[in-house]
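Trainee: With the sequences and hints as input, model every part of the structure.
Keeping their order, the protein sequence lines are chains A and B. Quick note on numbering: the first sequence equals residues 14 to 145 in this note's numbering. Quick note on numbering: the second sequence equals residues 509 to 784 in this note's numbering.
Just so you know, the hints here were simulated from the structure itself, not pulled from any lab data. Owing to the predicted nature of the structure, the values given are computational and were not obtained by experimental measurement. Cβ coordinates follow ideal geometry from the N, Cα and C atoms, glycine included. Treat the hints with care, as some may be off.
Covered stretches of chain B, as calculated for chain A (at least 3 residues, CB under 8 Å) [stated by the list, open to error]:
(1) 582-592
(2) 623-633
(3) 685-697
(4) 773-783
Once the Cα atoms are required to be at most 20 Å apart in a straight line, the calculated EDC-like pairs of lysine to aspartate or glutamate come out as [to be verified]:
(5) B:K652 to A:D26
(6) B:K511 to B:E605
(7) B:K760 to B:E700
(8) A:K39 to B:E580
(9) B:K765 to B:E783
(10) B:K594 to B:D679
(11) B:K590 to B:D679
(12) B:K530 to B:E645
(13) A:K68 to B:E609
(14) B:K652 to A:E24
(15) B:K511 to B:E526
(16) B:K574 to B:D679
(17) A:K120 to B:E742
(18) A:K68 to A:E20
(19) B:K668 to B:D577
(20) B:K551 to B:D577
(21) B:K684 to A:E24
(22) B:K581 to B:D597
(23) B:K511 to B:E558
(24) B:K733 to B:E688
(25) A:K40 to B:E742
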Amino acid sequence: MKRSSVEIITEWDIVAARQLGRNEAKKAGFGTVDQARITTAISELARNIYLYAGKGRIEIERVTDGGKDGIKVVASDEGPGIPDLRKVMEDGFSTSGGLGAGMPGVKRLMDEFKVISEPNNGTTITATKWLH
Amino acid sequence: MNKITVEGIRQNMDEIIERWIKTMKEEKGERFFHFMPDHLIEKTSREFAELMTSNIDESDAASTEKINDFTEKVVRFGWAIKFVNKAIDNFSDIVFELLEEKHIINDANFKSFNQLFKNWINPLRESIIDAYSTEWERTVSLQKIALQELSASLIPVFEKISVMPLVGTIDTERAKLIMENLLEGVVSQRAEVVLLDITGVPVVDTMVAHHIIQAADAVRLVGAKCMLVGIRPEIAQTIVALGINLHEFTTKSTLQKGMQAALGLTNRAIVEVEEQ
Ligand SMILES: Nc1ncnc2c1ncn2[C@@H]1O[C@H](COP(=O)(O)OP(=O)(O)OP(=O)(O)O)[C@@H](O)[C@H]1O
Ligand SMILES: [Mg+2]
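Mentor: Here it is in structure tokens:
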């Protein structure tokens with residue numbers, strides 16, 4: 014399936030990533046509210062890469078599963094990894110003085126959410142939204 | 509460059525230019541020449557060829573002055589960098605090919621010619637890349653300034669009520685500016701209620717929300733009240749999904765509703781007056 018990606022290196026790449034996400038979401042037929050959800054989720058994931066891993070990549074892919082269409086966002090980096098996955102999924106947990114709402118927020122904004130991370134081995138987050 | 513080469517090039521200039529134009533026209537994916545009338549192609553090409561060869565009669569390394577001159581003029585053609593690159597490539601290829609045909613270049617001196625060409629072409633190419641990237645950097649920094657000028661002024665609307673309309677993406681730098689302008693404006697305008705209008709902000713993520721919350725806190729510290737207005741329905745939903753708590757300040761969907769509330773907070777209202 015069609016796949017496009019944005020390298021996250023500077024803060025402005027976050028804007029580029031979510032722009033791409035919004036366009037793809039629009040093309041896939043998502044409404045305004047879901048477009049905003051997907052765009053916001055990408056913004057969170059991209060900013061986390063920028064803040065905690067320094068650099069990484071956002072990939073956006075159109076997916077189908079048994080007649081369902083959707084959009085899959087893959088955020089990957091080779092950064093420090095997340096030591097305690099349970100903790101970062103709690104509302105309010107932040108190591109940077111942020112709101113700590115990003116990760117649990119993305120989980121609620123999207124339909125499927127999966128984190129693979131090992132200390133010193135980077136982080137890969139996959140989040141999918143289905144067209145209803 | 510050595511004398512025979514220089515003379516070889518000068519004598520065959522017309523032939524070189526003709527072949528170069530032909531090659532450039534055949535370049536795929538480059539539509540530059542397609543929009544040009546023939547006499548202009550001829551003129552520009554001759555200029556380009558002259559510029560290309562302007563530094564070849566220098567004895568060894570080309571002078572910086574001539575290279576700068578070359579770059580300045582080529583940049584003024586307004587070509588895409590890819591096209592310039594191709595133009596330089598093709599030009600040096602054609603010159604090489606022609607000198608080979610004229611037996612000025614042969615198997616025996618091939619190697620030294622190669623070096624000669626490198627000394628001729630590389631400085632030109634480097635100078636061009638340098639000029640283009642400087643130009644891009646300049647454009648980007650100008651746009652950054654333009655964006656900053658666009659952002660965040662606090663506007664006094666009524667006595668005690670000021671509005672800050674936010675338009676566009678909020679990055680760390682702009683967030684700082686918003687905070688500064690907000691606090692400065694609240695004090696100088698003696699505002700009691702400040703309306704932050706986010707109608708024009710495309711994405712409200714946790715970072716933007718965090719900055720808004722901090723700004724509201726700071727406004728409170730200088731004795732005013734901050735109201736968040738212009739919350740589009742889809743933004744309201746994402747804010748809720750992110751679990752961001754905005755209970756501590758008043759939010760309104762539109763600036764109009766916010767203004768009414770602000771007037772209420774300062775014990776005023778808009779009333780319709782019947783005509784007498
Ligand atoms: N890609 C990553 N690599 C390493 N650590 C990460 C990564 N993403 C998140 N984290 C860690 O998880 C924590 C929680 O992330 P989350 O996005 O939920 O909150 P936050 O970024 O701290 O604040 P915000 O509410 O602004 O997003 C971060 O503080 C950080 O320590
Ligand atoms: Mg975050």
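Trainee: The structure should be examined with respect to each hint, and the outcome stated for every one.
Mentor: Structure-based check of each hint:
| no. | hint | verdict |
| --- | --- | --- |
| 1 | 582-592 | violated (count 0) |
| 2 | 623-633 | violated (count 0) |
| 3 | 685-697 | violated (count 0) |
| 4 | 773-783 | violated (count 0) |
| 5 | B:K652 to A:D26 | holds, 15 Å |
| 6 | B:K511 to B:E605 | holds, 18 Å |
| 7 | B:K760 to B:E700 | holds, 17 Å |
| 8 | A:K39 to B:E580 | violated, 44 Å |
| 9 | B:K765 to B:E783 | violated, 25 Å |
| 10 | B:K594 to B:D679 | violated, 38 Å |
| 11 | B:K590 to B:D679 | violated, 32 Å |
| 12 | B:K530 to B:E645 | violated, 34 Å |
| 13 | A:K68 to B:E609 | violated, 52 Å |
| 14 | B:K652 to A:E24 | holds, 13 Å |
| 15 | B:K511 to B:E526 | violated, 23 Å |
| 16 | B:K574 to B:D679 | violated, 43 Å |
| 17 | A:K120 to B:E742 | holds, 17 Å |
| 18 | A:K68 to A:E20 | holds, 8 Å |
| 19 | B:K668 to B:D577 | violated, 60 Å |
| 20 | B:K551 to B:D577 | holds, 18 Å |
| 21 | B:K684 to A:E24 | holds, 15 Å |
| 22 | B:K581 to B:D597 | holds, 18 Å |
| 23 | B:K511 to B:E558 | holds, 17 Å |
| 24 | B:K733 to B:E688 | holds, 16 Å |
| 25 | A:K40 to B:E742 | holds, 18 Å |
Violated hints, listed in ascending order, are 1, 2, 3, 4, 8, 9, 10, 11, 12, 13, 15, 16 and 19; each of the other numbered hints is respected by the structure.
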